[in-house]
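**Student:** Construct the entire structure; sequences and hints are all you get.
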Amino acid sequence: MRVAIIGAGVIGLSTALCIHEQYHSLVPSLEMEVYADRYTPHTTSDGAAGLWQPYLSDHGNLQETLWNKETFDYLLGHLGSPAAKEMGLFLISGYNLFTQPVPDPSWKNIVLGFRNLTPKELELFPGYSYGWFNTALMLECRSYLPWLTNRLTQRGVRFFHKKVESFQEVSGDGVDVVINCTGVRAGELQPDPELQPGRGQIIKVLAPWVKHFIITHNIKSGIYNSPYVIPGSEFTVLGGIYQHGNWNEENSTRDHKTIWENCCRLLPALQKAKIVEEWSGLRPARPCVRLERETIRHGPFQAEVIHNYGHGGFGITIHWGCAMAAARLFGSILQEKKLANPPQPRL
Amino acid sequence: MAAPKVAVVGAGVIGLSTALCITEMCPSCSVTVLSDQFSPNTTSDVAAGMLIPHTYPGTPIHVQKQWFKETFAYLFAISNSPEASEAGIHLVSGWQVFKNTPEEELPFWSDVVLGFRPMSEAELQKFPQHRFGQAFTTLKCDCPPYLLWLEKRLKATGVQMYTRKVADLWELHSEYNVIVNCAGIGAHQLVGDEKLFPVRGQVLKVHAPWVKNFIRDGDGLTYIYPGIHRVTLGGTREKESWSLSPDPGTTKDIFDRCCSLEPSLRGAQDIKVKVGLRPSRRCVRLQREVLSQGGVKFPVVHNYGHGAGGFSVQMGTAKEAARLVGECIAALPGSSSRAKL
Chain S
2 MRVAIIGAGV IGLSTALCIH EQYHSLVPSL EMEVYADRYT PHTTSDGAAG
52 LWQPYLSDHG NLQETLWNKE TFDYLLGHLG SPAAKEMGLF LISGYNLFTQ
102 PVPDPSWKNI VLGFRNLTPK ELELFPGYSY GWFNTALMLE CRSYLPWLTN
152 RLTQRGVRFF HKKVESFQEV SGDGVDVVIN CTGVRAGELQ PDPELQPGRG
202 QIIKVLAPWV KHFIITHNIK SGIYNSPYVI PGSEFTVLGG IYQHGNWNEE
252 NSTRDHKTIW ENCCRLLPAL QKAKIVEEWS GLRPARPCVR LERETIRHGP
302 FQAEVIHNYG HGGFGITIHW GCAMAAARLF GSILQEKKLA NPPQPRL
Chain A
45 MAAPKVAVVG AGVIGLSTAL CITEMCPSCS VTVLSDQFSP NTTSDVAAGM
95 LIPHTYPGTP IHVQKQWFKE TFAYLFAISN SPEASEAGIH LVSGWQVFKN
145 TPEEELPFWS DVVLGFRPMS EAELQKFPQH RFGQAFTTLK CDCPPYLLWL
195 EKRLKATGVQ MYTRKVADLW ELHSEYNVIV NCAGIGAHQL VGDEKLFPVR
245 GQVLKVHAPW VKNFIRDGDG LTYIYPGIHR VTLGGTREKE SWSLSPDPGT
295 TKDIFDRCCS LEPSLRGAQD IKVKVGLRPS RRCVRLQREV LSQGGVKFPV
345 VHNYGHGAGG FSVQMGTAKE AARLVGECIA ALPGSSSRAK L
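Respectively, the protein sequence lines represent chains S and A.
Per my numbering, the first sequence starts with residue 2, numbered consecutively.
Per my numbering, the second sequence starts with residue 45, numbered consecutively.
DEER-style ranges, computed between Cβ atoms:
1. S:LEU67 x A:LYS143: 31 to 39 Å
2. A:PHE152 x S:LYS109: 27 to 35 Å
3. S:LYS121 x A:GLN337: 45 to 53 Å
4. S:SER130 x A:ALA117: 17 to 25 Å
5. A:ALA121 x S:VAL277: 23 to 31 Å
Derived, one-sided and incomplete: chain A residues facing chain S with beta-carbon distance under 10 Å:
6. ASN124
7. GLU127
8. ALA128
9. GLY132
10. VAL136
11. GLY159
12. ARG161
13. MET163
14. GLU167
15. ALA179
16. VAL255
17. LYS256
Mimicking PhoX-like on lysine-lysine, the simulated pairs with C-alpha atoms at most 25 Å apart in a straight line are:
18. S:LYS86 x A:LYS296
19. A:LYS316 x A:LYS249
20. S:LYS273 x A:LYS199
21. A:LYS316 x S:LYS86
22. S:LYS86 x A:LYS249
23. A:LYS239 x A:LYS109
24. S:LYS275 x A:LYS196
25. A:LYS109 x S:LYS121
26. S:LYS275 x S:LYS258
27. S:LYS109 x S:LYS221
28. A:LYS196 x S:LYS273
29. S:LYS121 x A:LYS113
30. A:LYS209 x A:LYS199
31. A:LYS209 x A:LYS196
32. A:LYS239 x A:LYS209
No lab work stands behind these hints: they were computed from the structure.
The beta-carbon is built from N, C-alpha and C at its ideal position, and this holds for glycine as well.
**Tutor:** Pasting the structure below:
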């Protein structure tokens, strides 16, 4: 049985690994291939800072909250393992800042040590009168994606540098199951008006004295349109841009100015930080993640497609929960084809 | 009289912060720093510079708390300014974990640091051998940057600094009016203080930039303190050991203990080993003394013996020392009210 994953960002590679781990021993004939026009370090995932943090509100999307939790718990379990450093995984604490009191987020009990900020802590952030402190995780895709790629390569998964133009291109070639992890450009394979780019821009600086993430929120401007500072293992990411519907992947001088001025006002010490890189990326924004099966027919050919795209600015945060859900869908496909009984559900 | 000449002996965190306070409290004074060692070769350079107080058995707690509060407030302001990175001062959050619940669950400094609270069950799961813990945010003074920044500020106010080994305070009586003794462990020999003893500390400074939180075992022996470029792994507390040579067996032991608290440290690179002698005493010697020889009187202010807690109380003791210097100057023959406090 041939399985093709389209897309090699965090979603594509983790879904591939999750499915291979669960089913390769049950389906000896399983052959897996990855197709992508962009590989690390050129994917959208590579540009993200890598902080595990969902949006402030889940909009009643309980499913997504569960997938976020699954991902956090899965990563937390890997923290003590020798692989953690190679995966780019580590704990990080920090601040979420608001100009007025807000309800606690759906993820308050998922992260560690969630609490409100004390008045003295708020003195650090003039202009903000309310906030949270918690310890969360960083998963840097510049390390995680190569780590996933190594695990997959070890398992005999093959990689192809190719822009897939249609599902039929792959299904007509004899692939039985297609996993669609094409992120922001999923609309090119199948129109989806709900999928829009959420353009972001970031400045990478050298500021190794910054040990906390700081995320500000402006309820009026919306998510990610307020400055944030996220220290990584090598560089610190400054951001605060979210432009819905903007497909431009070029860096904007105006956005640079916005990010720089806002972040330096937030953290005066940043004024002395050296700028190393600038990057723009398109968050694959959607009202909810598209994670479902579809049967694609083309003449005599038929293929099962599992869609797994539309993770907006929380792809890293939710990736493993979605990979597990996609693997369950894969299991049901196998059952229908009478190829295997699915394994017992894993925790 | 001419501008009073003050010499500060010692250029670690105590000497430099004291010199700075003296220039601020006594602008008419001429201040000189004399030391056989300057950064990066002082005891302070070996220390991680974490603002977590050490308790002095011989000093009232309210005094220690005041010293810590003043120090914390002063450094907090700098950490929040554009100077923070040059000064090497930054906030860091983390956990102090205990294998057995401590008698004192709320240390005297718990309301000075930020966000102090007991650790949650979920947080403690990361430390299976520990049953209780405290989470908080505090400050770290990275050395050499912090000391170099203090030196820069001192030079900007006209303070001269000279490398010089002072063997006896009397050497200086013809050149200076008041001496401030911030010689740290050097005071053992310099003034023959038998109450001062070294507590040897060996540490590793490693490259592990993914470690963003501090972890400290409540027994004070094992700790992981992330600095700007390096993480300090510790440590030892060997009373009465004067050896400044790194011990390889100790290095392995420190590394293993820290890795059991934070397994990812196994991937740490470029391990550098350092040794410092904490200038320990039941209480900090913070007092005036008038040396007398053949009718000549020579005022000295002592400010040494901070042991493991120098960084945490630096401003509090420096201000008190500066105040005592002011008293000495006022008592100098021929001095007028020009010596302003």
